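Trainee: This is what each chain is made of:
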Amino acid sequence: MQALLSFEQAPPLSAPLRFFLSAPLFAVLAGLLLLWSGPELFASRWTPAALALTHLISAGFMLQVMIGALFQILPVVAGANLARPRLVAKLVHSTTVLGTLLLAAGFLGRPPLAFELAVFFLAGGLALFVVAAGRALYGVPSTSPTIRGLKLALFGLAVTVLIGALLAATIGGWLALPVVKMTSVHFGWGFVGWGVVLLAAVALVVVPMFQMTPPYPPWFSRHFCRATPIVLSVWSIAEMADHQASLAWLSGAVVLVAVAFAGATLSLQRRSKRARFDATQRLWCVAMLCVLAACLLWLLAAVLPGLAEWPQWPLLFGVLILSGGFMSVMIGMLYKIVPFLIWLHLQNLGGGRVMAPNMNKVIAGQRIDRQTLAHFASLALLLAASAWPEWFTYPAGIALLMANAWLLLNLLAAVAFYRQQRSKIEALRPAMVSG
Amino acid sequence: MHEITDLMSRNHRSCDDHLVAVEQAVTRGSWEEATTAFGRFRDALLYHFAAEESLLFPLFEQSTGIFRGPTQVMRGEHLQLRQLLAAAESALAEKDADDYAGTAETLLIMMQQHNVKEENVLYPMCDQQLADRLAELLPELRRQLEEHQEGPPS
Chain A
1 MQALLSFEQA PPLSAPLRFF LSAPLFAVLA GLLLLWSGPE LFASRWTPAA LALTHLISAG
61 FMLQVMIGAL FQILPVVAGA NLARPRLVAK LVHSTTVLGT LLLAAGFLGR PPLAFELAVF
121 FLAGGLALFV VAAGRALYGV PSTSPTIRGL KLALFGLAVT VLIGALLAAT IGGWLALPVV
181 KMTSVHFGWG FVGWGVVLLA AVALVVVPMF QMTPPYPPWF SRHFCRATPI VLSVWSIAEM
241 ADHQASLAWL SGAVVLVAVA FAGATLSLQR RSKRARFDAT QRLWCVAMLC VLAACLLWLL
301 AAVLPGLAEW PQWPLLFGVL ILSGGFMSVM IGMLYKIVPF LIWLHLQNLG GGRVMAPNMN
361 KVIAGQRIDR QTLAHFASLA LLLAASAWPE WFTYPAGIAL LMANAWLLLN LLAAVAFYRQ
421 QRSKIEALRP AMVSG
Chain L
1001 MHEITDLMSR NHRSCDDHLV AVEQAVTRGS WEEATTAFGR FRDALLYHFA AEESLLFPLF
1061 EQSTGIFRGP TQVMRGEHLQ LRQLLAAAES ALAEKDADDY AGTAETLLIM MQQHNVKEEN
1121 VLYPMCDQQL ADRLAELLPE LRRQLEEHQE GPPS
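Taken in sequence, the protein lines are chains A and L. Under the numbering used here, read the first sequence as residues 1 to 435, first letter to last. Under the numbering used here, read the second sequence as residues 1001 to 1154, first letter to last.
Calculated directly from the structure, the hints in this document are not laboratory data. These figures come from a predicted structure and were not determined experimentally. Possibly wrong hints are sitting among the right ones.
Stretch by stretch, here's where chain A covers chain L in the computed footprint (C-beta under 8 Å, at least three residues) [unchecked claim]: (1) 1103-1110; (2) 1117-1129.
Below 27 Å or equal to it, Euclidean Cα-Cα: the simulated DSSO-like pairs (lysine-lysine) are [said to hold, decoys possible]: (3) A/K336 <-> A/K361; (4) L/K1095 <-> A/K361; (5) A/K336 <-> L/K1095.
We treat Cβ as the ideally placed atom computed from N, Cα and C, and that holds for glycine.
Kindly produce the complete structure, drawing on both the sequences and the hints.
Mentor: What follows is the structure, encoded as C-alpha cells:
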C-alpha cells in the first residue's frame, strides 16, 4: 500500500538535475587527463592514468546519470518515491562527486589519504542511496519485469561498491586480497550486474514505448534481469576459486548476457514505427552496436592467441563499452529526460492556465544533433587512440573534452530556458490569481 | 488475476498506434490524412480516459476508500494530456510540422510515463481490489473502450 501514497509527490526538479549537470564535468576531466598524461595512458589498462580515466567515466559520468535518472524513474515505474528526496539527493550527490574525484586522484598517486577518503565518501554516499532506494522499493510488489530489474540492479550496485571498497583497502595495504581477480569481479558486477541490468530494466519500458517498437520477447523480459545476477554470482565464485575449467564457459556466459540485450534491442529498433529516427534513437543504436563489437572482440581474444597478446585489445574493449555503449545511451536518455522534466515542472507551475512551450523548444534540435556528432567523433578518436596511442591520444582528449563541454552547455541552456520561463509565469501569476 | 491490466494495457497500445499513424502522415506532408488519423487518436484516448474516470476509478475508490491517492493523480495527468491534445490539434490545423512534432513528442512522453504508472502500479491494484467485480466490470469497460469506433465522446 506504500506505493498508493507515494504517487502524490513528484521529486523536485533539482534532485535529478544536480546529478545530470555534474556528469559531463567528469568526462571533461577525463579529456583533460588524456591531454595531461599523453599516449602513456594507453600503455595498458593498469596504468594509473587509465584506471583514473575509467573511474572518471564509470563512477563519474555514468553513476551520476544513473542515480539522477533513478530519482525520476523509481516513482514513475514502481510508484516508489524516495523519502526526503531533496536532502538525499544533496547528500548522495556531494559525497559521490567528492568520492569520485578523490578516487581518480588516488589512482594518480596524489594526496596520500585519497584512496581511504574516496572509499569513505563514495561507499558512504552509495550506501545511503541504496538504502534510500531500497526503502522506497520495500514492499512494492514486482508486478513487472522492470520493477524486479530495478531491485536487482540496486543489488548489483551494492555488490560493486562492496568489492570496490575491499579492493581499495587492499591497494591501501589494509587487506591482502587477490587484486587482479577481484578487479575482474568488480568490473563484471559494475558493468553487467549494475549497468546492463539497470539499462535492460529501463529499456524494457523505454524502447517499446518511446521508440514505438514491439515489446521485448517474453523470454527476455521474464528471465533477463533475474538470470544475469545468477550467472554473475556463479562466475564470480569460479573466478575467485580460480576454477579454470569452468571459468572460460562462465565468462562466455556473462558476455552472452550483454549480447542478448544488445541483440534484442537492435532487432526491436529495426521494427520501430517512428517516422523519424532522432538523435536519441541514433545514440541507442550506436550504443548497442558498440556493445556487440566489444563482445565480439572479447570472444575473438578468447580464441585467437595473437589477439589476446596484443596489449591494446582490453583498452579498445573498454572504450567500446564505456564511451560507445554506456555514454551513448545515457546522452540519448538525457536529451529526452531533461527537456521533458523541464516541460513538466513548467506546466505544473503554470497551473494549467499557462501552457508551457513544448519540450523540443527546451534544447534546440540542431544543438542536440551537433553535440551527438561531436560525441561520435570523440568515440571514433578514442577507439583510434586505444589502438594507436602515439597518433591519436591528443586529438581524442580534445574531442572528449569538447563533446562533453558541449553536452554541459546544452544542459545549461535547458536550465536557462527553465529559469526564463519560470520568471514569465511568475510575472503572470498576480494576473492569474485576480483573473 | 491480470484481466484489467491486460485489457487496459492493450488499449494503451492501440492509442500508441493511432499516434504513430499521425506522425507518419505529417512526415509525408499528408495533412488531410494526418487530421483524420489525429481524430482517431484523440477519440481513442478520450474514450480511454472516460472509461477510467467514470467506471474504473470510482469503483477502485469505493472499494479501497482511497479518494486522494493514485486515482486523483491520474485524473490530474488526464487533464494535462487533454491540454496537450488541444495544443497538438491546433498545431495540426495550422499545418506547423515543427510545432506538431514538438507537442506530439511531449504528449508521447507524458502519455507513456502516465501509462507506465497505470500498468505497473494502479491496474495491478485494481486487479487485486476488484477481483470479485470482474464479471460485471470487464464487459462494461470493453463496451466503453470500443465505443469510440462509433463516434466521439461528448
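Trainee: The structure should be examined with respect to each hint, and the outcome stated for every one.
Mentor: Okay, the hints, checked on the actual structure:
1. 1103-1110: Satisfied; 6 residues make the cut.
2. 1117-1129: n = 6 at 8 Å, threshold three: holds.
3. A/K336 <-> A/K361: OK: A/K336 and A/K361 at ~12 Å, within 27 Å.
4. L/K1095 <-> A/K361: holds, 18 Å
5. A/K336 <-> L/K1095: holds, 24 Å
Violation of the numbered hints given earlier is absent; every hint is satisfied by the structure.
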